[in-house]
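J.: Sequence:
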Amino acid sequence: GAGADNDLYINQAIVFIEDAIQYRSINHRVDSKSLWLYRWYYSRTCQWILSLTITVILALAFVEEPSSLTVTSDVRYRLPAWNPPCGLTESVELLCFLVFMVDVSVKSYLIGWKEFWKNKWLMAYILTLFVSLADWIVSLSFFCKESVRIRRILRPFFLLQNSSMMKKTLKSINSTLPEMASVLLLLAVHLALFTMFAMLLFARTKDNQQDKEWVVYFRNLPDSLTSLLVLLTTANNPDVMIPAYSKNRAYSIFFILFTVLGNLFLMNLLTAIIYNQFRGYLLKSVQSSLFRRRLGIRAAFEVLSSLKETPASAQQSCVSVGALLQVLQKAEMDSRCKQAIMRSLKMCSCDQLSAAQFQKLFEELDKDAIKQHPPSPEYQSHFMQKMQFAFGHPCFGYLGNVVALANIISICVVLVMDADKQPSERDDFFLGAINCFFILYYLLEMLLKILAMGLKRYLSYPSNRFDGLLTIILLILEVATFAVYGFPHPGWRPEFMGLLSLWDMVRLVNMLIVFRFLRIIPNMKFMALVVTTLLDLVKNLRAFAGILVVVFYAFAITGIMLFKGAVVPLGNTRGSKAEFPGSCAHISLKKKKKVLSWYSAHFQAEVVYCLLYVLSVHLICRWAKIYFVAWWLISSVIWVNLFVALLLENFIHKWDRRCQRESLSGIEYQRTVELMFRDVLEEPTEEELMEKLHQHPHLQLCR
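Quick note: the sequence shown, position 249, residue 249 per full-length UniProt numbering, numbers continuous.
Simulated from the structure, these hints should not be mistaken for laboratory data. Errors might be hidden in some of the hints.
Computed list of lysine-lysine pairs in DSSO-like fashion (alpha-carbon distance at most 30 Å, straight line) [said to hold, decoys possible]:
# : residue 1 : residue 2
1 : Lys360    : Lys692
2 : Lys107    : Lys171
3 : Lys625    : Lys33
4 : Lys338    : Lys107
5 : Lys168    : Lys120
Across the chosen pairs, the derived CB separations fall in these ranges [claimed, not checked]:
# : residue 1 : residue 2 : range
6 : Met196    : Val138    : 45 to 53 Å
7 : Met342    : Leu562    : 54 to 62 Å
8 : Leu133    : Glu65     : 15 to 23 Å
Don't be surprised by glycine CBs; every beta carbon is placed ideally from N, CA and C.
Whole structure, please, built from the sequences with the hints as guidance.
T.: Structure representation (structure tokens):
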């Protein structure tokens, strides 16, 4: 009946608007049952369960064999890691696979069979699940004793496919690779030419004493190439040139030319190309996101215009205000945007909305999020008004910054005076007394600000929340110190009591005071600009962080599989020596300790690299070099430059807009990646939107 059709159109409009808000594709089933399933799938509960499942399956690597989850990372002192019994982690893994199978099944059903074959990510998702399940069965058949688990390397894919922004970012990176390859090829030519020059320049001579450069760094082609590649990262600078420089100062010209051309020119040229190209590709990605949003809004308009209550005599399609209000009440969207759209509807005198008016209403989604601060309290007393003016004035905040600086200076003076003293010779009276004075001032300052601004307005500023939280923590620590050790007095060195010694508690208080000094950042405009840029990157560029986690995880798992067991310590070696392979017996004790310290800070692959470099076991070392060179290229050369490019883009955007914001310093603006490019994006035309809507595989429009 007409009522059922109207309900279907309303539900379709709700889903299309939610798709537009989240930049999702609208190419999915639109019947009543599918719409219910679609909204259930994208509900907070389901997405939270899916995110938790991805986190759990990634975290399994910390407890699976070989596990590194111990209190200390030093192999000489750590106890054997807990190895779960066979079947425990596999059971958790199976539950995760079941969730993923439900996930891929729902996704495949919702988009339909035709769209499924066009979606490469979904097919890769199914293939990854199939390979992972096959590998899981193999693990159980070998009673968890197999050395290689392919499914562990595939786990990051589950994180990657669950984020549309990560997929767009990866697509942008893939499109940028040809331009990167040209500079990397130039870098390889630069490295190869200087390697040949080095082998000719530092060739072996008759005098063995003068051949230290040849023996250590340029003995053959692989060693020469490795030495210069490491020099390109500046990791062995200036060690690589010291033997030659000791022989003749003129040899330094070779290393200076190599470093200047490689680091200052080619590496920075790579950064410039990545910035230019990647910004263009990211801009295209954001442009497609804008098109998805406009398409979702237009699809909602089209289905609402099909309602039976729409006047048939209208010359053009229109939507009633009542129908839109009904959709807004049920749609999941930001309360600020919803209220703004409803206010605009109330101000509108017409009962029907055209397509242009409908789109204009939802432009509220594209605007900056503005956070208005609550008003200050209004006091009737003349004395309280003067108090409010005095303690609400910016000068009172500047005074607090000066006091915080004085506190930092006093702590530095005491630390310098007590730097060389033994704990038994140290007198904590002065430091305890000044800490007590300054903490009381911070407490008084916080209370006076709350009096002047009101609690709600005070808490609406992040700097005040940061300031107040640290003040309360400092006060609790100071009260705890007095309760356990008494009040400060000359020669104040009581015995250890409670969980922390007096010196530990004083150090903790001082560290928090130093951390509290960051309150000056909002008062320094340029520093605040830099900090807000970094915070925006942390908040909005989660896709980049996600891809970085994927890369780190994949390389870590690969490294564990390739280099597992290269250094085998004999359990807890306190008071004894860790066992090295027989071929390493001639390594000096100093080098062994250095290798073990590397092992404690890194996974076994880096220890192998260090050992092989010391021993010059070239055949195995070359394979290790391939692994680490690939890691250096992806993480340092490509990824760091991508991050620098995005950092520059965000900073330049904020720098260009800072003059517009100076007059509105009392208002906080929150920006997203899409809003960074909002000024240069092109609006899609009505013809483009309607053409795309008519290509929808499941939606049949009336016109």
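J.: Run every hint past the structure and note whether it holds.
T.: These are the hints, each one checked on the structure:
For the hint pairing lysine 360 with lysine 692, the CA-to-CA distance comes to about 20 Å; that is within 30 Å, so the pair holds. The suggested pairing of lysine 107 with lysine 171 holds, with an alpha-carbon distance near 21 Å, which does not exceed 30 Å. Simply put, lysine 625 and lysine 33 have alpha-carbon atoms about 55 Å apart, too far for the 30 Å limit, and the pair is violated. Pair hint lysine 338 plus lysine 107 holds up; C-alpha atoms about 28 Å apart against a cutoff of 30 Å.
The straight-line distance between the Cα atoms of lysine 168 and lysine 120 is roughly 13 Å, inside the 30 Å bound, and the hint therefore holds. As the Cβ distance of methionine 196 to valine 138 is approximately 47 Å, the hint placing it in 45 to 53 Å holds. Roughly 59 Å separates the CB atoms of methionine 342 and leucine 562, a value that falls within the hinted 54 to 62 Å. Checked against the hint of 15 to 23 Å, the pair leucine 133 and glutamate 65 passes, with Cβ atoms roughly 20 Å apart.
When each numbered hint is compared with the structure, a violation occurs for hint 3 only.
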